[in-house]
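Peer 1: If you want the building blocks of each chain, they are given just below.
There are 2 protein chains.
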Amino acid sequence: MSFQPILINGTWQQAQSPVGFFSAFNPSIKTPLADRYPISSFSDIELALAATHQAVLELNSITADIIANFLDTFANNIESCKEALVDMASLETALPKEPRLRSVELPRTTNQMRQAAAAVRERSWCHATIDTKTNIRSKYCHLNGPVVVLGPNNFPFAFNSIAGGDFAAAIAAGNPVIAKANPGHPGTTKIFAEAALKAVQTSGLPQAMVQLFYHLKPEDGLKLVAHPQIGATAFTGSRAAGLMIKEAADKAGKPIYLEMSSVNPVFIFPGALDERIDNIANELFNSCTLGTGQFCTKPGLVILMQDESSEAFLKAVSKYFKSAPTGFLLSKHVLHEIISSIKVMQQHGADIVTGGKEVRTPGYKFANTLLRVSGDVFLEHPKALQTEAFGPASLFVFARDAAQIKKIVTHLEGNLTGSIYSHSQGQDEPLYKEIEPLLRQKVGRLLNDKMPTGVAVSPAMNHGGPYPATTHPGFTAVGIPASILRFAALNCYDNVRQHRLPVDLQDKNPTGQMWRFIDGEWTQKDIVSY
Amino acid sequence: MSFQPILINGTWQQAQSPVGFFSAFNPSIKTPLADRYPISSFSDIELALAATHQAVLELNSITADIIANFLDTFANNIESCKEALVDMASLETALPKEPRLRSVELPRTTNQMRQAAAAVRERSWCHATIDTKTNIRSKYCHLNGPVVVLGPNNFPFAFNSIAGGDFAAAIAAGNPVIAKANPGHPGTTKIFAEAALKAVQTSGLPQAMVQLFYHLKPEDGLKLVAHPQIGATAFTGSRAAGLMIKEAADKAGKPIYLEMSSVNPVFIFPGALDERIDNIANELFNSCTLGTGQFCTKPGLVILMQDESSEAFLKAVSKYFKSAPTGFLLSKHVLHEIISSIKVMQQHGADIVTGGKEVRTPGYKFANTLLRVSGDVFLEHPKALQTEAFGPASLFVFARDAAQIKKIVTHLEGNLTGSIYSHSQGQDEPLYKEIEPLLRQKVGRLLNDKMPTGVAVSPAMNHGGPYPATTHPGFTAVGIPASILRFAALNCYDNVRQHRLPVDLQDKNPTGQMWRFIDGEWTQKDIVSY
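If you read the sequences in order, they're chains A and B.
For what it's worth, our numbering labels the leading residue of the first sequence as 632, then goes sequentially.
For what it's worth, our numbering labels the leading residue of the second sequence as 632, then goes sequentially.
Please note that a few of the clues may not be correct.
[Unchecked claim] Here are the computed lysine to any residue pairs in the SDA-like style, where the Cα-Cα straight-line distance is at most 20 Å:
#1 A:K1156 with A:V1134
#2 A:K1073 with B:L1116
#3 A:K1038 with B:H684
#4 A:K1073 with B:A883
#5 B:K1014 with B:I970
Keep in mind the hints are simulated off the structure, nothing from the lab.
Chain A extracted, bound-state conformation (with noise of 0.2 Å):
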């Protein structure tokens, strides 16, 4: 029986006797598509760490700019690609091809790509900071192995293993990375392998700088990222598949960073609904069923002070929900994970306002769906009440006044953002000034008068929160050159001769451009009187 095969050391070939195989399924009709891929065993993960092996030696004579010209010439691979990209994810997610897969998500991969490209290019993420009295120099570097990366199942470009952001991210900081591919879309991911190996090979990296494999089995994925030759891990998924791999990878004491839940509270307040009740109903209609609402930073939890606006408001809601066509749903598991999510929710307490139910067609969908319940209620069962319904749900919860909005907050989980509406002309300033501080260390990013979705890839930009949104309060998953840094070690060079520092550290500024940290002052001029 013959597989797709996976990408090893610069080299297409068969996996080596793999443990099963699985097809990826197209979501709109419910059916398995033809390509059959290989579920590796543990045989080829060892190969792919041997290869890095050699490649993390090779790349301490590697420019930053051959690193920048591999990731533009993947971008530039990507856009040759794009249609078949976009037919194949479209294929293996549903996702519809305009304008999210053609128009927003492939310009939004390729785009962070060259973010990445110019930053490595133009060094200044490394953070390098001298100290000419004590001729004391670091910088941030890559780590001591490969980055493995676990991407998520809901955008199959923007956050794919081997071509989204945790891979240019690791790439950026100068690490090869072992890819496993999300298995809703391994058709689409080893698109990405065929154009991400063409561009090793123009740019003239090592052969082991990208590799892909599609499918573990669970102890084997355990295995990988507590490995002790892998530098690091990057996951985006689930909290039950996040906190597993993360007890394996915490043991062995290697770095990993992840991603998981968030049901992203949105606070509306009464002078937001005074001025502007219909507008705000659009947006939070519109970002909860973006993608069919299976985004990380979707807005799952709606918080309101019960009163008639906050009832028109729902109305209004509830109108856009009912009258909106439903989306497909990415898998099979995606639609049970949202039916049991919304069975626990009801279980404590929350009236399904509208939706609540699979929507029997013949791809998975599950109905715009609308929960509420009252501030009373959710002060119960607070942990229950935050089960992150995957997909196009939100839960409206009504406060009593501001003193339970108060409460609610200090009940909330960390979440990756939290949204406040308030009057345009300050009417609701001393609300705002009792919620904020509480939501403020509850989650990565605040927002004002604005839904979550929509992360911009800014080098301002927090994509992480407190646990357990994520599992370190200090690092985002998007914005460039943050990211960067979580794939990468702080290497300090202590009375190191100046013919033997990374050009980077050297007296002469290595681009006349690059920023550095030097005696206290961010400069880019050289070292001229050491």
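Chain B: place on chain A using the hints.
Peer 2: This is chain B only, laid out in the frame that chain A set:
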């Protein structure tokens, strides 16, 4: 029975139902000191946690200047009680008053506290990042709970849990600290806490900003680092204890920074010996025996090429070791540990060159000790022969050739430091080029022609390194401002109204001096045309 009081929420009070008590011990005469300290039950911790909960909220209205004033005032207060500190620390640790305690470690402690104060006042540490096009802004900010600091036995001042580097960094980031004294020097720690409390009151920080207890049952320690209310933990100490609390913190998703064992390999290349054999012998001797070898950066492993020069070098070092007086060890535990470590090395083929035994005196002493082993034997038992012998001991490894040195490097564990001594005119350059890339991956700080002890408090310092030296290769425990980032969350503000932003992120530069990363440039300017 009454004990020394603990410090909770600004008040010195008796521990609630302590589970036991302990006394400090004078290691120079093996005699307990008079004062008795409580081993707290968890109810003390709960009081402290409850107090910080309020303090964290109050901190939102505390300015950077207040925190900076606290650190400066505390440094002044420490100087005011310098003699009491020196007397007490000398009793509790047997470290010499001069130069060590009074003229080296105390000034280092106040110096790093003032550096932290300056960094807080100057504000650049928080990496304020502004993207004016998207109006997304971010900065590092305090965590959502207090930092627990667990200090080591070997630096009663500079790494003291209520006055040392971790303390200063945690406070600088804006976090309250819950300090657990090292049971080796509770009296010293109490004097610091008194000075800290005075500074808290003078500067107007919340009372719970600095709290102290002395000891805990191990299981309560695990409970503390995993407590939902804490922000993070900093630990410096043994690997065994460190890995236990790491596991507890990891499971709870709480950031923890551990600085554990390190053997700090020193490579002495043939050309260096040809050129300056005596100087290097003297440097090595000093570095190994400073503080009776009880430094985390003590060179515990010396790697040389087997030849006549390296044998002569061992002889020269050995002469220094033999003729020097032996210093006191910090405790009976330290004595037992070094005896056991030396035994492990001997059992795995290392031979004693000099020392190797307890010195029977009124105090705890272990002879200045050198061991030797061939590269062949080292490679048979690389793990056992990297056992840290905390105290005045070092293992010489004689390698057969350059290839064997390379092999030895690949078997090194993660270390804080690695040093290479080489010929000043370049005759060791080929060997350096082979060894450095391998060694670079294994250490946080790479030195040339310099011993690793004496960790400068420099912005470019990395006192950290790959696991198991620490648990994350991207963070340093020493060096302002970088060490502050361990205790900070990345807070992003997306579309947040100008007047609601923290001052550091408002258009106007809050000091006119603060460095901010605005639209890809580090600048001290205001944003004028946004």
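Peer 1: Hint by hint, note whether the structure agrees.
Peer 2: Against the structure, the hints:
no.: 1; hint: A:K1156 with A:V1134; result: 14 Å, holds
no.: 2; hint: A:K1073 with B:L1116; result: 18 Å, holds
no.: 3; hint: A:K1038 with B:H684; result: 14 Å, holds
no.: 4; hint: A:K1073 with B:A883; result: 16 Å, holds
no.: 5; hint: B:K1014 with B:I970; result: 18 Å, holds
Checked against the numbered hints given earlier, this structure breaks none of them.
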